[in-house]
Amino acid sequence: DTEVTQTPKHLVMGMTNKKSLKCEQHMGHRAMYWYKQKAKKPPELMFVYSYEKLSINESVPSRFSPECPNSSLLNLHLHALQPEDSALYLCASSQLSQGYEQYFGPGTRLTVT
Amino acid sequence: DAKTTQPNSMESNEEEPVHLPCNHSTISGTDYIHWYRQLPSQGPEYVIHGLTSNVNNRMASLAIAEDRKSSTLILHRATLRDAAVYYCILRGLRGAQKLVFGQGTRLTINP
Chain A
61 DTEVTQTPKH LVMGMTNKKS LKCEQHMGHR AMYWYKQKAK KPPELMFVYS
111 YEKLSINESV PSRFSPECPN SSLLNLHLHA LQPEDSALYL CASSQLSQGY
161 EQYFGPGTRL TVT
Chain B
1096 DAKTTQPNSM ESNEEEPVHL PCNHSTISGT DYIHWYRQLP SQGPEYVIHG
1146 LTSNVNNRMA SLAIAEDRKS STLILHRATL RDAAVYYCIL RGLRGAQKLV
1196 FGQGTRLTIN P
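Residue numbers (this note's numbering), protein chains in the order written: chain A, 61 to 173; chain B, 1096 to 1206.
Because the hints were derived from the structure by calculation, they are not lab data.
Note that the structure is a prediction, hence the values are computed from the model and not measured.
Among the hints, a few may not be true.
As the list claims (entries may be wrong) - For lysine to any residue, the following SDA-like pairs were computed, each having C-alpha atoms within a straight-line distance of at most 20 Å: (1) B:K1193 x A:S80; (2) B:K1098 x B:K1193; (3) A:K82 x B:S1136.
Unchecked claim - Here are the simulated distance ranges between beta carbons: (4) A:G74 x B:E1110: 18 to 28 Å; (5) B:S1136 x A:S119: 34 to 44 Å; (6) A:T171 x B:M1154: 25 to 35 Å; (7) A:Q158 x B:Q1198: 19 to 29 Å; (8) A:Q155 x B:M1105: 43 to 53 Å; (9) A:K82 x B:D1162: 39 to 49 Å; (10) B:A1158 x A:E104: 26 to 36 Å; (11) A:K82 x B:M1105: 30 to 40 Å; (12) A:K82 x B:E1110: 37 to 47 Å; (13) B:L1146 x A:N77: 40 to 50 Å; (14) B:T1125 x A:E144: 33 to 43 Å; (15) B:T1203 x A:H137: 34 to 44 Å; (16) A:V72 x B:Q1198: 25 to 35 Å.
Beta carbons are placed, not taken as given, at the ideal position from N, Cα and C, and that holds for glycine.
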């Protein structure tokens, strides 16, 4: 199983809402990632978890709160977002050795109204 | 992070080989060269990576210049399904988990 799943596929939320994005992998990967991708732009790294601990935070605003409950799951909690946060949010996972190839999920398309 | 330079777009015909170039003149000795692609409405997909020697896998080949300042991703026989944005990324040993995507090359395949 080389699949990374993400739910929901689409999400529309108001600026005062709280929502969560979920990501799951069963490849035994010990690194998991969140990326943000605006339309017609490349993905931008937001967070990296290694062995369930946050190892990289690319200066992401606190209205985005990541969580890694176990080695297979990664959440991104959203609160008080702005319309400019509307984007495709991609989750990825990788081993922490060899080629570090990242496997990406299909993403969650988020619209903030 | 060392940078890469790729053409914005390329076009090729179905069933013909495609050579996608990437320049990385500031590459360091320990930087790996990775290629990912992103098909429309999908997440990026790992294609291939290498350090110094040319590499082949079921998807593509990677040709790395002797001075490592450039590389070429080769799709031996393009299909319509290969139409995607192709990203050439340098991955260092330090911060090995960090992928910094550039603008990539948008590849169009004509039937």
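Output the indices of the hints that this structure fails to meet, ascending.
The structure breaks hints 1, 4, 5 and 8; every other hint is satisfied.
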